[in-house]
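Asks: Now for the letters of each chain:
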Amino acid sequence: MQDTLEFEPTAYHIKTSDEGTALDIRDFNLWYGQKQALFDNNLEIQKGQVTALIGPSGCGKSTLLRCLNRMNDLVDDLRIEGRITVDGFDIYAKGVDVIALRKRMGMVFQKPNPFAMSIYDNITYPLRVDGVTKKSILDETVERALQQAALWKEVKDRLNDSALGLSGGQQQRLCIARAVASDPEVLLMDEPCSALDPIATARIEELIEELKGTYSIVIVTHSMAQAARVSDNTAFMYLGHLIEYGDTDTIFTNPQKSRTNDYVTGRFG
Amino acid sequence: MTSLNEQLPPASSAAGAAGVAANEAVAPRARRRYSADLSALGEPALWGFGGALALGIIMIALFLMVVLYNGATTFWPKPIDRVELTDGTVIAGVERRGTIFRPDLPRLTEDQRAVVEENDGFAYRTLYQTANFDLYGDDFRWVADFELANVTQPADFYYFERQVWGVFVGRIAGMQLNGVAMDYDPAVFRREQAAARDRFRQIRKLERNDIGRINNLIERERLNQRRAVLQQGEEAAAPIIAQSQARIAELQEEFQILQARVNEIRALDRGFRVTLEEVGGRQIEPEMSQIVRFFPANTLSWGQKLGIYISRWGEFVSAEPREANTQGGVLPAIFGTVAMTLLMVIFVAPFGVITALYLREYAKQGRITSIVRISVNNLAGVPSIVYGVFGLGFFAYTMGGTIDQLFYPENLPNPTFGKGGILWASLTLALLTVPVVIVATEEALSAVPRSMREGSLACGASKWQTIRYVVLPKALPGIMTGMILAMARGAGEVAPLMLVGVVKLAPALPIDGFYPFIHLDRSFMHLGFHIFDVGFQSRNSEAGKPMVFVTTLLLLTLIVIMNATAIIVRNRLKRKYATGQF
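Those sequence lines, one after another, are chains H and A.
At position 174 of the first sequence the residue is numbered 174 (the numbering used here), and the sequence of numbers has no breaks.
At position 554 of the second sequence the residue is numbered 554 (the numbering used here), and the sequence of numbers has no breaks.
It is possible that part of the hints are untrue.
[As the list claims (entries may be wrong)] The list that follows gives simulated cross-link-like pairs (lysine-lysine, DSSO-like), each with its CA atoms no further than 27 Å apart:
1. 35/H / 15/H
2. 305/A / 545/A
3. 419/A / 305/A
4. 111/H / 153/H
5. 576/A / 205/A
6. 111/H / 576/A
7. 463/A / 134/H
8. 463/A / 135/H
9. 111/H / 156/H
10. 463/A / 364/A
11. 111/H / 15/H
12. 94/H / 134/H
13. 364/A / 153/H
14. 135/H / 78/A
15. 134/H / 153/H
16. 78/A / 156/H
17. 15/H / 212/H
18. 574/A / 111/H
19. 134/H / 156/H
20. 463/A / 545/A
21. 463/A / 576/A
22. 205/A / 94/H
23. 94/H / 35/H
24. 111/H / 463/A
25. 257/H / 47/H
26. 212/H / 47/H
27. 364/A / 35/H
28. 156/H / 574/A
29. 78/A / 545/A
30. 94/H / 364/A
[Claimed, not checked] Residues from chain A that keep clear of chain H, each with C-beta distances beyond 10 Å, as calculated:
31. 97
32. 124
33. 180
34. 226
35. 259
36. 454
37. 459
38. 461
39. 469
40. 494
I should point out that these hints are in silico values taken from the structure, not numbers from a laboratory.
Backbone N, C-alpha and C define an ideal beta-carbon position, used for all residues, glycine too.
Using the sequences and the hints given, assemble the complete structure.
Replies: Structural data, given as structure tokens:
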């Protein structure tokens with residue numbers, strides 16, 4: 001089916017950031033074994049802004065996101081072409097320190113995945129694996145990260161309790177706190193609200209609003225409403241192709257491609 | 001489905017050539033009928049499954065009840081019967097069990113034959129434990145019902161458990177205190193017997209601890225001499241040998257003093273005797289210290305019986321065996337079983353977990369890992385005796401022999417590690433149980449959600465850090481389950497142990513007060529082997545039979561305790577790492 005469809009070049013009309021580009025994705029192709037999942041994706045993630053990746057299931061948005069911190073390295077039989085650069089250096093170049101890269105890219109997953117440790121240990125985990133043992137630094141980080149994740153008030157008296165005792169929404173905010181603990185440049189969010197109820201979702205969205213500026217955020221979402229609410233720029237992907245990448249208002253009100261229009265108006269997907 | 005229905009005649013029409021046509025006409029109704037398809041009904045299968053489960057449970061329950069009943073009643077004191085037979089013989093003994101049998105008719109008297117023939121040639125007989133092996137040459141006697149003349153339970157019959165020769169059943173005819181003969185007085189006898197037992201324990205303590213220590217030191221001096229000769233040559237070692245000889249002489253002196261003390265106590269002990277008379281009138285005069293326990297079996301109150309019952313259990317779990325293991329305790333066997341199992345866990349845990357970690361986390365999944373996995377599973381099906389042979393050949397003879405040559409040359413040709421021992425037994429069992437641990441660990445590892453690993457990796461943790469801090473803690477309860485299974489398997493295994501270190505009677509425990517305190521080279525006793533030995537290898541298997549049940553009960557209890565402990569630990573861990581989300 002992919003072969004029979006024709007894809008025109010991507011339409012671009014993004015709102016650029018004053019601070020420049022956080023991530024530059026150039027001619028990016030990806031294959032799972034024989035099957036190509038991403039086709040010539042080109043996009044620049046703007047610094048300090050929220051970029052949403054939308055599209056129907058299986059369009060490759062999660063795959064693309066997981067390439068940004070090389071999470072896809074875990075998959076066997078994966079082949080890529082093209083470049084992704086952060087501050088001018090290619091993250092897929094030979095000899096890149098993947099561990100160092102991942103420390104610059106915080107990631108939040110679809111389902112809250114706190115470790116079976118205390119809240120404190122969860123947040124200090126990225127530091128501890130880095131060899132930081134100084135109590136004052138750890139304490140400081142825990143407070144800052146929890147403040148940033150708007151969780152400090154709720155858990156400050158029970159930092160040593162198990163993180164598994166928190167509610168789903170709290171767990172997800174804890175995961176955000178954990179992701180920002182190592183003070184990354186980019187925050188990657190893979191459908192962070194899909195397992196949460198509407199109230200918890202609203203809190204996470206507020207949080208994204210607060211965190212942007214400090215971090216460049218890339219968020220994959222199934223909910224077009226959410227993309228419209230939280231993002232500055234939106235990329236619409238379809239069957240591995242980047243169809244349109246532009247500022248969110250335009251994408252949702254006046255898209256340049258008919259496919260985008262069909263999707264955002266709910267005609268398919 | 002359709003084709004099946006077409007072949008079936010509809011209920012309304014008669015079967016025959018017209019059936020097919022009629023079937024077409026009423027097709028919608030016929031299709032709704034499902035009674036012909038048995039599997040569509042859940043009930044018959046349900047009964048089958050439930051029945052299989054019930055059968056299994058019933059068999060296990062029966063087995064446990066047999067073990068529990070026999071094990072629990074063995075130590076309960078039973079009355080002594082004085083049995084007069086029709087031919088005038090009188091025997092005394094404890095009733096053990098009875099069976100129906102077919103007597104040899106020509107050997108019976110006229111009257112007896114008449115009785116037996118009335119019962120279609122069958123008769124009932126009872127097994128009496130007549131004891132007094134030193135006098136009778138046998139412990140048991142069958143008495144057929146038609147031989148019985150009279151059965152009484154005289155009050156003055158006592159049941160004696162002796163240090164050697166087993167049980168004595170009979171009366172107390174008199175006693176000797178310090179060489180002076182006197183009449184039997186229960187209070188005095190009780191007091192003097194207790195004192196005599198104290199003397200016995202004192203002698204044993206002197207021999208075991210003090211003389212044992214000196215023997216141990218002398219042996220070490222002797223080995224030092226040989227080592228010096230082996231390492232430095234005859235001449236160079238001369239001063240060392242001279243020094244050592246002086247030390248040995250000193251020790252010998254100490255030994256003489258202790259030996260003299262032991263002899264003194266022994267001489268005193270010989271003066272205190274009790275005269276026992278069996279039912280036929282023959283008497284023996286053992287030392288009081290030889291009487292472990294005695295009671296008037298026919299006049300005991302319920303409370304006294306309970307006291308004896310508890311005291312026997314106490315001896316069973318805390319003392320050493322006597323009488324070729326058929327009496328006394330099994331403490332060395334309990335110790336050996338527990339020590340060997342724990343040692344096995346120490347070996348198998350890291351080995352199995354590391355193997356599974358590599359197989360699941362690091363190795364590239366493919367044909368080779370599949371082959372390895374299948375092989376590991378197949379290992380679990382190898383007969384355990386094969387492991388025993390391997391353990392003997394590889395661990396004991398090859399590895400142990402090499403260790404002996406490198407580290408204990410002075411003791412050769414006597415093997416130190418080059419024979420069966422608790423170390424080799426544990427290693428053999430570790431090998432036997434490692435597939436269980438590997439399989440369980442692999443399953444536990446693969447059950448750790450991918451999201452956990454990704455969460456850790458996304459935090460910038462390395463693969464090893466992820467495994468160490470996230471995967472292993474989460475998999476720990478599952479790994480513990482594997483350990484529990486391995487422990488249960490290992491603690492109950494006997495066959496391979498017979499080749500690699502289990503013995504009928506171990507002179508010393510693998511852990512004692514003599515340097516180097518932990519003797520992994522020593523052979524040991526094991527409850528499983530004890531069962532086999534007492535039940536099937538002893539001089540009198542009838543005498544050992546109750547012990548088989550008691551020991552089985554104890555072994556089962558021990559395994560249950562060990563498993564329960566492990567399960568409690570596992571559940572604690574599980575609670576700690578339980579996912580309480582949503």
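Asks: Against each hint, give a clear statement of whether it holds in the structure.
Replies: Each hint tested on the structure:
Proximity of residue 35/H to residue 15/H is assessed by CA-CA distance (about 33 Å); at most 27 Å being required, the pair is judged violated. For the hint linking residue 305/A to residue 545/A, the alpha-carbon distance of about 21 Å falls within 27 Å, and the restraint holds. As the CA atoms of residue 419/A and residue 305/A are separated by approximately 45 Å, the hinted pair breaks the 27 Å bound. A C-alpha spacing of about 23 Å is found between residue 111/H and residue 153/H, which places the hinted pair at or below 27 Å, so the restraint holds.
Our distance criterion of 27 Å between C-alpha atoms is broken by residue 576/A and residue 205/A, whose separation comes to about 48 Å. Using a Cα cut-off of 27 Å, the hinted pair residue 111/H and residue 576/A holds, with the two alpha carbons roughly 20 Å apart. At roughly 23 Å between alpha-carbon atoms, residue 463/A and residue 134/H fall within 27 Å of each other, so this suggested pair holds. For the hint linking residue 463/A to residue 135/H, the alpha-carbon distance of about 25 Å falls within 27 Å, and the restraint holds.
Distance restraint check for residue 111/H and residue 156/H: the Cα-Cα separation of roughly 23 Å lies within the 27 Å cut-off, and the hinted pair is therefore satisfied. A hinted pair counts as satisfied when its Cα atoms are at most 27 Å apart, and residue 463/A with residue 364/A qualifies at roughly 14 Å. Distance restraint check for residue 111/H and residue 15/H: the Cα-Cα separation of roughly 30 Å exceeds the 27 Å cut-off, and the hinted pair is therefore not satisfied. A threshold of 27 Å between alpha carbons decides the hint, and for residue 94/H with residue 134/H the separation of about 33 Å lies outside it, so the pair is violated.
Pair hint residue 364/A plus residue 153/H does not hold up; C-alpha atoms about 46 Å apart against a cutoff of 27 Å. For the proposed pair residue 135/H and residue 78/A, the alpha carbon gap of about 71 Å is over 27 Å, so the pair is violated. Taking the CA atoms of residue 134/H and residue 153/H, the gap is about 24 Å. The hint holds against a cut of 27 Å. At most 27 Å may separate the alpha-carbon atoms for a hinted pair to count; residue 78/A and residue 156/H exceed this at roughly 70 Å.
About 15 Å separates the Cα atoms of residue 15/H and residue 212/H, which keeps this hinted pair within 27 Å; it holds. Only pairs whose Cα atoms come within 27 Å are accepted, and residue 574/A paired with residue 111/H is accepted, the gap being roughly 21 Å. Distance restraint check for residue 134/H and residue 156/H: the Cα-Cα separation of roughly 20 Å lies within the 27 Å cut-off, and the hinted pair is therefore satisfied. Taken as a hint, the residue 463/A and residue 545/A pair is broken in the structure, with Cα atoms around 57 Å apart against an allowance of 27 Å.
Note on residue 463/A and residue 576/A: the hinted pairing holds, with a Cα-Cα distance of about 23 Å set against a maximum of 27 Å. Simply put, residue 205/A and residue 94/H have alpha-carbon atoms about 74 Å apart, too far for the 27 Å limit, and the pair is violated. At most 27 Å may separate the alpha-carbon atoms for a hinted pair to count; residue 94/H and residue 35/H meet this at roughly 24 Å. Straight-line distance between C-alpha atoms of residue 111/H and residue 463/A comes to about 21 Å, which keeps the hinted pair within the 27 Å bound.
Distance restraint check for residue 257/H and residue 47/H: the Cα-Cα separation of roughly 26 Å lies within the 27 Å cut-off, and the hinted pair is therefore satisfied. With a CA separation close to 9 Å, the supplied pair residue 212/H and residue 47/H stays within the 27 Å bound. Between residue 364/A and residue 35/H the CA atoms are separated by roughly 21 Å; this keeps the pair inside 27 Å, and the hint holds. A hinted pair counts as satisfied when its Cα atoms are at most 27 Å apart, and residue 156/H with residue 574/A qualifies at roughly 26 Å.
Annotation: proposed proximity of residue 78/A to residue 545/A holds, straight-line Cα distance about 16 Å (limit 27 Å). For the hint pairing residue 94/H with residue 364/A, the CA-to-CA distance comes to about 21 Å; that is within 27 Å, so the pair holds. At roughly 57 Å from the closest C-beta of chain H, the C-beta of residue 97/A stays outside 10 Å, upholding its exclusion from the interface. Non-interface call for residue 124/A relative to chain H: holds, since the shortest CB-CB distance, roughly 67 Å, exceeds 10 Å.
With a cut of 10 Å on Cβ distances, residue 180/A stays outside the contact zone with chain H, its closest approach being about 77 Å. Once the 10 Å rule is applied to beta carbons, residue 226/A is consistent with being away from chain H; the minimum gap is 54 Å. Taking the minimum C-beta to C-beta distance to chain H, about 63 Å, the non-interface status of residue 259/A holds against the 10 Å cut. For residue 454/A, the shortest C-beta to C-beta distance to chain H comes to about 6 Å, within the 10 Å cut-off, and the non-interface label is violated.
Distance check for residue 459/A against chain H: the nearest CB is about 4 Å away, which does not clear 10 Å, and the non-interface claim fails. Remark: the non-interface label on residue 461/A conflicts with the geometry, its nearest Cβ contact in chain H lying 4 Å away (cut-off 10 Å). Not every CB of chain H lies more than 10 Å from the CB of residue 469/A, the least distance being 7 Å, so the non-interface label is violated. Chain H leaves residue 494/A outside its interface by the beta-carbon criterion, the shortest separation being 40 Å against a cut-off of 10 Å.
Checked against the numbered hints above, the structure violates hints 1, 3, 5, 11, 12, 13, 14, 16, 20, 22, 36, 37, 38 and 39; every other hint is satisfied.
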